[in-house]
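Participant: Knowing the structure of chain W, use the given hints to seat chain Z on it.
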Amino acid sequence: MAGEQKASVAVEAQQQGPKLPQKRYFRQRAHVNIFNDIPLEYPVRPSEEDWSKLYPAYFRSTPDDTQAAQTASETKRPISPTSANDSDQEGPQAKRGPGNGSMSADKMAQVEFADIGCGYGGLLVALAPLYPNTLMVGMEIRTKVVGYLQRRIVALRGFQDDLVRRKDAGESIEWVDVRSKLKQEIDALSKPLDPDAEELHDNGETDRLVPGHYENIAAMRINCQKYLPNFFNKAQLSKIFILFADPHFKRRKHKARIISTTMLAEYAYVLRTGGIIYMITDVKDLYDWNVKHLDAFPLFERISDEELENDPAIPCVVNSTEEGKKVARNKGNKYLACYRRIEDPAEQ
Amino acid sequence: MAVFPVTIIESSPQGLMAFVAESDFTVTDSAGKAIASTIDMGASSDDAAVAKIEGPESKEAIRAACFSRNGALFAVCTNEKAILIYETASWSLKRRLVSEKRTNALCFDPESKYLITGDKFGDCHRISVDNSNDNDNGNDNDKPEILLGHVSILCSVGFSYGSKPYILTCDRDEKLRVSKYPNAYNIQAFGLGHREFVTSVATAPFASEIAVTGAGDGTVRLWRLETGELLQTVELDSLMRKYYESGKAKCGENTREDRTAATQRYGVLRVRSSESLRSFVAVVERIPAVLVLPIGDDLISFGEPVLVDIEAAPTDVATTEDGFVVSFEPHTAANQEEAPAIVAYKKNSADYAVDDALTDSLASSVATPQTVKQVHVPSIFVWGNKQFLERPQGEEEEEHEE
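First to last, the protein sequences are chains W and Z.
Mapping to full-length UniProt numbering: the first sequence position 301 is 301, numbers consecutive.
Mapping to full-length UniProt numbering: the second sequence position 268 is 268, numbers consecutive.
Bound conformation, chain W alone:
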């Protein structure tokens, strides 16, 4: 007994590195009044946001650091995984923006995907390796939940750092096969699970290398309904995710719903033409409301189910969030609808 204890203590001491936060310490009630003036920090305009805090691998805080950081980063990360599954994955792996020297300061990386109400980060963590060169941000208004997700991302990046170091030192470290990992997770949903295990489970990788190394995801605390244009320029985003949003059942609360005619104009503003809104919910009333509003909005057009079959983001949208998993385990229904941002018919 004593020996085991000593061993575990020794292992603990070694594992002083990254630790994934536990959700149970970060629980917070789901409902928030978005009309309240909460002291939030937000920039006056998008160009004044310091993105280097969220994506340190992509944005340098000062120009002088770029040169030094560039060399450091190139030796630190492998350019592509050695596994043969590359062809399934989109684009070159693990390459970074300005740090790689191929982009000038003008062509700075920009956030392209936004997860509105990202919660504990299930979607972001699942999407990150599918689009390793694309910056994605999760937006969440609840302090504790954002706190959790930020710690989680830092921990996941830390694990990746360790794995890279160990790989360079000669250890055989594998790259994750994103497709099969996703499939495993979906299959697992049909098996009964101990709620404690679910609580601890993290769909992020801690043992294998992941394209992008989670450097391309981040979380911020923001009231999207008031401050979206403060963070994103016109036509900046190519994807917006609205998954399992607060239904705000009471009629007087309908204006607080994340999809409303008011907000659709703002989503259409930050989304580029051809960009996509992904919406999924288990609440049929909310689904009907969302679809009604999206159908009526002149700048959005419904994407057919056939077209969605080829979209790699869809399995994550449907299965990767904590909420989505809960619904699946309870054998609930999920209603999905996706819309494309189109040119203004009134201007043609």
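Keep in mind the hints are simulated off the structure, nothing from the lab.
The reader is advised that the hints may include incorrect statements.
Unchecked claim - Distance condition first, Cα-Cα at most 27 Å in a straight line; then the derived DSS-like pairs of lysine-lysine:
id : chain 1 : residue 1 : chain 2 : residue 2
1  : Z       : Lys373    : W       : Lys253
2  : W       : Lys234    : W       : Lys255
3  : Z       : Lys59     : W       : Lys250
As the list claims (entries may be wrong) - So these bits of chain W aren't anywhere near chain Z, every CB distance computed over 10 Å:
id : residue
4  : Thr261
5  : Asp295
6  : Asp305
7  : Asp344
The structure displayed is predicted, hence computed values, not measured ones.
Beta carbons are placed, not taken as given, at the ideal position from N, Cα and C, and that holds for glycine.
Facilitator: Coordinates of chain Z only, in the frame set by chain W:
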């Protein structure tokens, strides 16, 4: 006994002026002679009867008013959600309706066919001026059509001039939004830069590419409409600090309603454009001055600002053929008890001076309702300040997290 001060002045491009006090308003021509009023005035000085206007119910204070660009229409909105639209030819009431939410800001569209309202929940509605069926999309005309929305109190609504019309909406969360019109669901740009609630927006036919805003952050800003680019910022502190220093502008007292009253600050009450002066003018809460900002030759920047001293703290300004007219907070026994203070100014060569003729004419034309006790004009910072700044320590409302 006391009288209400004039708190809103609106002028039409054709020279009509409307002076609003509480639930009443009086309309004069460009010479300051009364034409019509909601107050029963009998005959004016040269025996032409002053038309009696069917106004809002008493106790329904008017929050905003506006003329249409063609001068044919005038509208007011009240605290009790009433909206009244008048034909200025006869001062008859053309339409009266009740809006769902209290309207904060008003303006007519460039064609003078619709009245646009902005409410305190951030929604902008469009109301057909005519009761008859001339609405394009076959809507039920009696119900206002929603045009666009902010998730914030709407403070001011306006339109651009020029071939591509834009509707401009300003909110309490520092934003100027420029949207296409009538397809207002299509946002053209955001003007981002103000650090406090944006109170007023003005546009001008002589500078159709730009708009000017004033805000609670002590600045007046100039924007390029098409892109939202901030072209110029005028810091009011550098220009107006002298009024505090000389004691002409007074800080208030720290009260429960306005905890920041004791600080020196500059809250823009109104920005207007003046075709004759080829300038924008602004008045600032507490500051006894009118700021005149001439537009430069390039039409996208201001020339040298001019400060015109006025007798006391203003409540509103409107532009006239020769200059501008200012209404004041009550500051003498005469304007507290007898008649509200309104002064007209005109430009002569490089300077601005009181237009005595017009001022006198207005003094005998504009009467305001009587009241029992002295009226205090509330500060715009009372509603403009973000809630949490005003809450005293320890008095946390139900927080959104537990």
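Participant: All hints, please: hold or fail.
Facilitator: Hints and how they fare:
Distance restraint check for Z:Lys373 and W:Lys253: the Cα-Cα separation of roughly 40 Å exceeds the 27 Å cut-off, and the hinted pair is therefore not satisfied. The suggested pairing of W:Lys234 with W:Lys255 holds, with an alpha-carbon distance near 23 Å, which does not exceed 27 Å. Taking the CA atoms of Z:Lys59 and W:Lys250, the gap is near 33 Å; set against the 27 Å cutoff, the hint is violated. Interface exclusion of W:Thr261 from chain Z breaks down, the closest Cβ pair being 7 Å apart, not more than 10 Å.
Residue-level check passed: W:Asp295 sits 13 Å from the nearest beta carbon of chain Z, beyond 10 Å. With 10 Å as the threshold on Cβ separation, the claim that W:Asp305 sits away from chain Z holds: the shortest Cβ distance comes to roughly 26 Å. Residue-level check failed: W:Asp344 sits 5 Å from the nearest beta carbon of chain Z, not beyond 10 Å.
Consistency note: the structure conflicts with the earlier hints numbered 1, 3, 4, 7.
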